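Now for the letters of each chain:
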Amino acid sequence: QKEVEQNSGPLSVPEGAIASLNCTYSDRGSQSFFWYRQYSGKSPELIMSIYSNGDKEDGRFTAQLNKASQYVSLLIRDSQPSDSATYLCATNSGNTPLVFGKGTRLSVIA
Amino acid sequence: DAGVIQSPRHEVTEMGQEVTLRCKPISGHNSLFWYRQTMMRGLELLIYFNNNVPIDDSGMPEDRFSAKMPNASFSTLKIQPSEPRDSAVYFCASSRSTSGKNNEQFFGPGTRLTVL
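Respectively, the protein sequence lines represent chains A and B.
Numbering follows our numbering, in which position 79 of the first sequence is assigned residue number 321; successive positions increment by one, without gaps.
Numbering follows our numbering, in which position 30 of the second sequence is assigned residue number 203; successive positions increment by one, without gaps.
It should be emphasised that the hints constitute simulated quantities derived from the structure, not laboratory data.
Note that the structure is a prediction, hence the values are computed from the model and not measured.
Ideal Cβ positions, reconstructed from N, Cα and C, are used throughout, including at glycine.
Fair warning: there could be bad hints in the mix.
What the hints assert, rightly or not - Which bits of chain A does chain B cover? Going by a derived footprint, with three or more residues having C-beta under 8 Å, they are:
id, stretch
1, 280-293
2, 298-309
Stated by the list, open to error - DSSO-like mimics (lysine-lysine), calculated; alpha carbons at most 30 Å apart, straight line:
id, chain 1, residue 1, chain 2, residue 2
3, A, LYS244, A, LYS298
4, A, LYS298, B, LYS274
5, A, LYS284, B, LYS251
6, B, LYS274, A, LYS344
Chain A with its partners taken away, still in its complex shape (with noise of 0.2 Å):
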């Protein structure tokens, strides 16, 4: 069984400060990985899709994977109560859909 692993949260950061969102996942053979953005009520929006180990900077989000240890992570820089909103990680590995994770509540104090 093919797991993706989050805290649920929720992660509480005040604003303009780093949030940091964490993911493991279980399949080693794992080549595709995603950070989605759900605001409350909306559908999940892809914000971040990285396939190699190492960051991948975007505006204001950096994805880091390692593979090695199975984990991946966004990190969110200056952090805008508007960023407040629910996080899945997603990975899939050969040609099998996307495995997602239950996702990380991410609330940012004003």
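With chain A fixed as given, assemble chain B onto it according to the hints.
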């Protein structure tokens, strides 16, 4: 470009009634996914299609659920008969493929189903 389109956005029905949810994937996407999301169970994959062919329906909870994809631009998820425990948000998503770097999934706005 238009994203994934779902209809209806909200559906309220009575137990025992048939419910049909509709989805139009992003043009050019060959893979289509149906998900159900609840607070308790999170996002669950129900079924997915590649090139209009159902590949894996192991997530479909019961025989009351069925899905079709008659062409590349349309899919339906049907529940017959519906039960209160089917109440959830149902998402449709599409991607160019399920492998390589074309497997990014894009979600529709969802259908919020309430079965009374």
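Hints versus structure:
1. 280-293: It holds, with 7 qualifying residues against the three required.
2. 298-309: Answer violated; 0 residues pass the 8 Å Cβ test.
3. A:LYS244 x A:LYS298: OK: LYS244 of chain A and LYS298 of chain A at ~24 Å, within 30 Å.
4. A:LYS298 x B:LYS274: holds (15 Å)
5. A:LYS284 x B:LYS251: holds (22 Å)
6. B:LYS274 x A:LYS344: With a Cα-Cα distance of about 23 Å, the restraint between LYS274 of chain B and LYS344 of chain A holds, given a limit of 30 Å.
The structure fails hint 2 only (numbered hints given earlier).
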